[in-house]
Amino acid sequence: MNCFVGIDIGASTTKAIIINEEKEVLGHSVNNSGADFEVAADQAFGKARENAGREGSDKCIIVTTGYGRRNVPYADATKTEISCHAGGSFHYFPHAHTLIDIGGQDSKIIRIDGTGKRTSFKMNRKCAAGTGAFLEEIANRLKIKLGKLNELAEKAESSIQIGSYCTVFTATEILARIREGIDVTDIVKGVFNSVIKRVFEMDSMEGNVVMSGGVVAYNPFLVTMFEERIEKKIFVPPLPQLTGAFGAALYALESKGKGGLNA
Amino acid sequence: MSEEKKATIKKIRATGHMRKIMADYFYELDRASRQGPQKIAWCTSVGPAELLLSLGFLVHYPENHGAMLGATRTANDYIPVANAIGYSPDICSYLTSDIGAFIKKETPLSRAYEGIEGVPKPDVLVFNTNQCREVQDWLSWYSRELQVPIMGISTYCNIGKITDNALESIVQQIKDLIPPLEKISGNKFDIDKFRHVMALSKKCTELWKKVLETNMTAPAPMSFFDATIHMGPAVVLRGSETAVEYYELLLQELEERIANGVGAVDGEKFRLYWEGMPIWGKLRDLSEFFIGFNTAVIASTYCNSWIFKAFDPADPFMSMARAYTEIFIVRDEDFKEKYIEEIVHKFKLDGILFHDSKTCPANSNNRYGMPERLEKRLGIPTLTINGDLNDLRCYSEEQAKTNIEAFIEQLEAK
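Listed in order, the protein sequences are those of chains A and B. Numbers 0 to 262, taken from numbering that gives the first Met the number 0, label the letters of the first sequence in order. Numbers 0 to 413, taken from numbering that gives the first Met the number 0, label the letters of the second sequence in order.
Chain B with its partners taken away, still in its complex shape:
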């Protein structure tokens, strides 16, 4: 019989170091925003960051800021502000909370980092629609508001097989960005610098993959909820030595946990997959809730989204096009199903949780019958939780927790 116990999240030692490198990153951006000389690019999280870094830009990622608004549970202070200027409560709550916060001239960065008064001012806004169309709409608002140029890559969506034609088109779009970006940055494009940044990104992504794959061990050393925090450097510091060093440190600690038989969840009884966006404002709460039931949520599509297997410094344009087109979110249902199936086997999972994130249709994969198909194919149960990445009005705590608890009871009775 399942009984919720008092739960404690095990601290990951490397967190202290991560906090420092993230603080350094935000302070560097803030300094450049106020004093220069580096130019600042805003880039969508799976946008062409390596190109921007090679041109000397410092890069700010609005989705990272959106996640901070969610994690600090301030998003709901700002979403209505964006709603009031015509941005629907039904669209991406990263977008609405980020724009709302900008209008109110507030940011969680000021609360976390003394002296930072706002998000860094952009010199250019760069998107890739591989994530969703909203990222373009999001940056377009800033472009109009701040009179800053916007440019980007339009990726095909619902892709099954990735064709050479599609990749050629993406390569051309990346190359087309270079002349205007050279003009804004004041730096000439240098292929060797581009290769160098890509080599660092490749190292970072390989290490991040290894970090996530430590969870193939039972007990799993790190929870999905830990991973959503520790993926920060893979998102905002990829292409730097700092990120590589960080993941070497984190990997070492997790391998140590494995060697000592230490799991993120004591007495790990069940191993689950989290499909879809995190519920940022409930990370700790849900993490503790699962620990209380000796259940480890240990694999996810979300954290895997920053694994870019294709990166190849020898062929930077084509490999970047491939890497940013291969990501899960932009693929068709067949691909997604097979992808999840592979992970379920690899990580020996007992069930799959689908988060139906109200304002993120692109990353809510329960909506076209996938849970039912996977249940039949894999013979393991699935559960869909209704919620949202940032808008906590869409999340019913009691209902979600009762559903999760009943799901665990179902696993126990199996």
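For reference, chain A alone in the conformation it holds in the complex:
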């Protein structure tokens, strides 16, 4: 057994990562999940192998996580994204901390103690406010490419206040601000602030804070805004969008000592 794979099949994107016994990242990839989770996982795994330059017949242990975790027939085991994010985060920050993961359709706050054990977790309620889906919808309404949001927010001189926590009503509020002639940069910063507010409503931020997830990966300015709000440094793992996949790969590696996951 010489490679350990984590595949995180999320609601929006599928992430795959391959690590070795030293827990070093050999390859990784991200693609859209689309409508077929098994295909998405195949693609992500294939690309990660390519990225790792290991297209041969490596024997791998594969652990899947995320909403589509049960849709991969060749997976050796599944684990929830909550456990995987916690494991992935603790690897990089091996001390007690609060992890905030902002994904495509959910946000999670996970408390991890000094030994790496989860002590509690909370996920957003059945609403996409405060997640990547919210940003996607607003970018779409503003006819801005998703990848441009970070740059616009950084340029803002001010920030609008958004009152609603419904994505659809927020879009209506934004239209009103556009009619008032407010600069789009201030609107985007207001939208980022709205995401941050939703996260703060979920739980209190105790101790050191780590942030991960696709939203964080593509919008580092959101982390800066978060730091300003809590007035302390926030830690971000090297591949923030792949934290869950990395955690899954660590579970695959951990299972090796137990004789493999199917044992």
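Treat the hints with care, as some may be off.
[Stated by the list, open to error] Covered stretches of chain A, as calculated for chain B (at least 3 residues, CB under 8 Å):
(1) 76-90
(2) 108-120
(3) 204-214
[What the hints assert, rightly or not] Okay, the calculated beta carbon distance ranges per label pair:
(4) C126(A) x R376(B): 28 to 36 Å
(5) N50(A) x I8(B): 44 to 52 Å
(6) E340(B) x E179(A): 35 to 43 Å
(7) K22(A) x E371(B): 33 to 41 Å
Keep in mind the hints are simulated off the structure, nothing from the lab. Where a beta carbon is used, it is the ideal one built from N, C-alpha and C, also for glycine.
The hints should help you fit chain B onto chain A, whose structure is shown.
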């Protein structure tokens, strides 16, 4: 590492007998509704049923009907009908589904029991607000619609210590019901009959308590999901010999399971508390889901709500007032916390699941910081699941199951 396995719910033999006595109960109500001669009272589930039975009424419980609408997953066909006449989707989905079904002239009773065409027609509607204010609003709709008298008891809410003054007031309210109920039933109130019915209710409730307490054993012989079904007779047949006989039978079977070391969940690894309403449309699904993770949900406030310790045939009015005021749902946060704490210790539980039922604020006890306080005090984790008793639009299956699975993984890593 947790892995969901194919799960099978173990059948409880007594279920067959329960189905029969429940069918007899519904057919008797249906006959009386169509032909008489008995009068029919609709009563809220923790209303003064013993008084009504002693006056010769047959009793229909709208909350039981609401639960049937939920369990048959038909509630969502009817909730919008009630919404359309001004009953908000944010209020009790028992109420909205029951009223919606009535407007559409449909009932799960017709599908379950051949020949029954509708819910029994009421001669009187009787409530106790100890459950919530919605029960009064619910029966008030029927009162206006069917021109049927409504009466009831207004219980204090958020009660800590139960005072004599409060109980005296409830006793007076119960006594005030007697003259109009005598008139409607055509029967004179008879204290001995009242005592007799209460004695039967007391036996029923004591047996139901014993049934639930069999789960103090590990492995627990019955799951919370089983118990929500088997509590049917404690709700609708209390005050009858039939219910007493049923719980003797069920208790015997569960004791047999204990003697043979048989649990509701094979390889029971974790024991959990379910706080709040059941998600009626997902009982089987959730039951199987937990079995797949060797996790037994075995204690609940909900099923305990039909344990009335105070019943005393020697002092029927005061003991009824006390019994129906002591129930969990109407108590303050301090009482509720201590109550849950006691059960957690008694049943040796590993965690608590709170169901935040969107349309049932009265029975969603996660909303004022209780999970966080209990976690600190008891040193066990809690999880809140968002859902609803009947309105499945408020339940996200994937999110709920991921949360539960992650919770079990957390217990495994402890």
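Hints and how they fare:
| no. | hint | result |
| --- | --- | --- |
| 1 | 76-90 | holds (count 7) |
| 2 | 108-120 | holds (count 5) |
| 3 | 204-214 | violated (count 0) |
| 4 | C126(A) x R376(B): 28 to 36 Å | holds (30 Å) |
| 5 | N50(A) x I8(B): 44 to 52 Å | holds (46 Å) |
| 6 | E340(B) x E179(A): 35 to 43 Å | violated (54 Å) |
| 7 | K22(A) x E371(B): 33 to 41 Å | holds (34 Å) |
Consistency with the previously given hints fails for numbers 3 and 6, ordered from lowest to highest.
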